[in-house]
Amino acid sequence: MSHSHLIFASTGILLFAMGFAAAIVSQAPLRKIIALNVMGSGIFLSFIALGSRAGNIDPTSQAMVLTGIVVAVAASALGLALTLRLKTLAEDGDE
Amino acid sequence: MAIDTLFDALLAMSLLWIGWRIVTTQADFNAVLLFIGFGLLLALAWARLAAPDIALAEAAIGSGISGVLLLEAWSALKQQTVAATAASPLQRASNIALLAGVGLFAIALIMSLFTLPPVAITLASAVDSQLAQTGVSHPVTAVLLNYRGYDTLLEVMVVLLALIAIVMVMNQPNYQQAGVQAGPSKANNSQGSSVSPLLILLAIYVLWAGAHQPGGAFQAAAVLTGCILLLGFTSLGPTLQRVIQQQQLATLVGLLVFGLVAILTSGATPMLTLPPAYAGGLILLIESFLTLSLGLMLAGFAYALAKPQGSAVSKKS
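Chains as they are written, first to last, in the working numbering: chain A, 1 to 95; chain B, 96 to 412.
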């Protein structure tokens with residue numbers, strides 16, 4: 001495995017760990033969603049770095065990550081919508 | 096230890112540092128802005144890993160569109176008074192235990208990188224061996240639209256489901272209505288409308304380029320979304336809004352065309368096995384409609400999350 005692949009695979013693991021811990025520890029839903037995105041990016045990074053560690057570029061793993069990025073945005077958007085709805089419900093409850 | 100390794104190490108450290116700042120910064124707004132920057136830096140990492148398709152998608156979708164959505168959510172949430180509850184001793188202890196556990200897990204995973212078995216299968220050669228039959232010459236597009244077309248079909252369904260769920264959650268029957276804050280004063284009118292033809296041209300180019308070089312439907316869709324959102328701020332906004340509203344079918348047409356191809360090709364062979372003679376044309380057909388639909392769906396996310404004109408307070412009175 002080349003240095004680059006090792007570096008980015010380790011970076012991905014550390015990003016995953018950071019995002020995972022932050023998603024649990026942080027209290028605001030917005031911050032949880034951002035943390036989940038950091039976590040996902042870490043997975044994608046390790047996935048691609050390990051997928052091409054033999055030296056050749058693997059189009060299959062790249063296509064999977066492309067799909068993953070789009071799905072991650074869709075999931076984040078749904079999470080944000082739920083967060084906003086939760087806020088309006090809380091406001092209605094207060095008044 | 097060449098200069099490119101040094102560059103990769105610096106890039107990796109920047110990513111980790113920004114990642115750390117994202118999760119530790121106090122202000123939510125900082126976290127959102129840092130996340131946008133993080134996406135752009137990550138795009139550089141994708142380029143270093145010889146994945147230009149992902150670099151484009153990351154910059155346009157992962158950083159750009161996610162950024163728009165996060166900023167919208169932040170602006171709707173910012174009035175919320177953050178009740179910073181002091182962590183109880185028990186909570187504090189469990190947090191420290193969690194961090195220790197996650198840290199150990201990460202160290203174990205990184206150590207395992209040094210003892211990985213040699214690569215047993217390389218899919219790249221399998222992809223290359225049949226590439227001539229797929230109708231396109233860019234391997235990533237071949238995987239997305241031909242070898243694994245089924246995955247992409249389901250992915251578009253997931254995006255559509257997310258959009259439907261969001262529209263339902265936000266309780267806005269016509270999600271386009273609430274979105275663009277109408278009024279020509281919002282942004283630089285002439286700039287928005289003069290740039291949009293170029294953006295549409297760029298989207299078509301990116302789509303076309305996908306057949307033989309990095310690019311394709313997802314990246315083109317992101318450009319289209321940017322164009323729609325930009326036009327929303329100009330005097331054309333209300334008109335565009337009305338047109339999109341009346342053309343709900345356009346959001347579905349990508350899935351419909353894709354599904355139709357799936358049904359037509361589901362004879363003797365497994366579903367979505369494209370006949371080599373027509374594969375190139377079919378992929379272009381699917382991708383064109385996918386670009387339109389995905390662009391509208393991603394813009395639909397942004398519209399749905401945008402702050403409605405009538406706020407909760409005025410609704411009550």
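Keep in mind that a hint or two might mislead.
What the hints assert, rightly or not - In silico lysine to aspartate or glutamate, DMTMM-like type, Cα no more than 25 angstroms apart, as pairs:
#1 A/Lys87 - B/Asp123
#2 A/Lys32 - A/Glu91
#3 A/Lys32 - B/Asp99
#4 B/Lys173 - B/Asp223
#5 B/Lys173 - A/Glu91
#6 A/Lys32 - A/Asp92
#7 B/Lys173 - A/Asp92
Unchecked claim - FRET-style restraints, in silico, Cβ to Cβ:
#8 A/Gly93 - B/Leu293: 30 to 36 angstroms
#9 A/Gly93 - B/Gly375: 55 to 61 angstroms
#10 B/Gly375 - A/Ala90: 42 to 48 angstroms
#11 B/Pro370 - A/Gln27: 33 to 39 angstroms
#12 A/Gln27 - B/Ala195: 19 to 25 angstroms
#13 B/Leu101 - A/Gly93: 53 to 59 angstroms
#14 A/Ile24 - B/Met252: 26 to 32 angstroms
#15 B/Leu211 - A/Gly93: 40 to 46 angstroms
#16 A/Gln27 - B/Leu249: 41 to 47 angstroms
#17 A/Gln27 - B/Met206: 41 to 47 angstroms
#18 A/Ile24 - B/Gly375: 37 to 43 angstroms
Keep in mind the hints are simulated off the structure, nothing from the lab. Virtual Cβ for every residue (Gly too), placed ideally from N, Cα, C.
If any of the earlier hints don't hold here, list their numbers in rising order.
When the structure is compared with the hints, numbers 3, 4, 8, 10, 11, 15, 16, 17 and 18 turn out to be violated.
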